[in-house]
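S.K.: Residues per chain, in single letters:
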Amino acid sequence: MKAEMLSTPSQTVGPFLSIGLTWEQGEFVVPDGTSGSFWVRGRLLDGAGEPVPDGVIETWQADPYGKFSHALLPLESAVEGFGGFGRSMTGPDGRYGVHTVKPGPVGDGQGGFQAPHLDVSVFARGLLHRIVLRIYFADEDEANADDPVLSALPDEGARATLIAQPDGAGAYTLDIRLQGDGETVFFAV
Amino acid sequence: MSLSSGGAAPTQFRPDPEGTHPPLLSPDYASTRLRAPLKAPVDLPQRLTELTGPVLGEGLVRPGDADLTRGYAEEPVGQRIIVSGRLLDGDGRPIPRSLVEIWQANAAGRYRHDRGNWPAPLDPNFDGMGRTLTDEQGRYSFTTVKPGAYPWRNHHNAWRPAHIHFSLFGRSFTQRLVTQMYFPADPLFGQDPIFNSVPEAARDRMIADFSLADTQPDWALAFSFDIVLRGSDATPFQEGGS
Ligand SMILES: [Fe+3]
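Just so you know, the protein sequences line up as chains A and B, in that order.
To convert a position in the first sequence, counted from 1, into my numbering, add 145.
To convert a position in the second sequence, counted from 1, into my numbering, add 1476.
Same shape as in the complex, but just chain A:
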């Protein structure tokens, strides 16, 4: 017996999102000092290249062994304190940052694997619906080349919008461009 119901429509988080969505330690997918941990940082930019200071970036990922937590089957990860979820409010300069570890291989549903990736939701004033992207890692050349999602994109330029670049020790960088030149590839899930 299924009664199909229509979804509640989406609305913007508005300019005052930080009142409701700020979490202490929200940026920490894993605790500071976790072996192999790093920061993924970048700026959220609008169609004029201006920073978006009233946005929030949320990340979701597998642990280094490719395991996920789920409401139906909470994960006891071998990485202590790993929850899989990160949330970063953007700052006055549009900057976000999450402190995490690289996810392990995740099946692609067809016998192969996906390259290490974070699923990302972006919310902001002026976004009436969340938008979704993935963050991949530049030092995973081989896995990226075989990744079914990256491979399906039209060209290198499109792929590059999703690939975070190493930025010194213990950090990667990826700017998210909402609109215009270098617009990030966004997904419909």
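In case anyone wonders, no lab produced these hints; they're calculated from the structure.
Built from N, CA and C at the ideal position, the CB exists for glycine as well.
One or more hints might be untrue.
Stated by the list, open to error - To be clear about the criterion: a stretch of chain B counts as covered by chain A if any three or more of its residues have a C-beta under 8 Å from a C-beta of chain A, and this derived list gives those stretches: (1) 1493-1500; (2) 1514-1523.
Said to hold, decoys possible - Heads up, incomplete: computed chain B residues facing chain A, CB under 10 Å, no partners named: (3) P1530; (4) R1573; (5) I1578; (6) M1605; (7) F1671.
Unchecked claim - Counterexamples of contact, computed for chain A against chain B with all Cβ distances above 12 Å: (8) E172; (9) G181; (10) S182.
Since chain A is already given, all that's left is putting chain B with the ligand on it; use the hints.
M.R.: For chain B with the ligand alone, kept in the frame of chain A given last:
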């Protein structure tokens, strides 16, 4: 691993039908003009990353977080209300133990925020933030005060209808939703481009019902607001490769 071998394989989620959500580019809401992506989104098949989601609550929801009228020296000023309802998926199934976050203006329409600076009074006894987890039946309940309308600079004499912001997770990344709850028969609906960005037939789903049954005599008025997240298809995801 995992979900599939554990016998709890997550299922694929149906796309919402056309006419459910607002178009990202809704030029009457001026901030969308430079922020809405202009390229068509690329279809992302739902695999494990999309079909799983965080288990949230521990350390985030404290006792009392569902009552916005407590926690300060005095009670906030305003019409005391109870806002409650169920969190459901598109198949009518309740979603238990799921995080619900809300935020809102005070009774005068002022947010406690640096950018909220129009000349309406702040209320020292109200921060406008609430959190709770749904119970085993998917129910949630907040006690708060009715938010006021507030002006914004979108167009001449623009006012936001009274609303409460809601953030929902459901069970998976795919179900994540942020929305706003409105109050019945608000005369400000007609001039609000955010409310009206949603296709007309779907707007009612953002409006709470007044609930005489849930009012508390000599204490509080009540509104009920059920929230529906995406439903799932029958086909379970088969994980390959591990
Ligand atoms: Fe608001």
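S.K.: What are the numbers of the hints the structure violates, in ascending order?
M.R.: none
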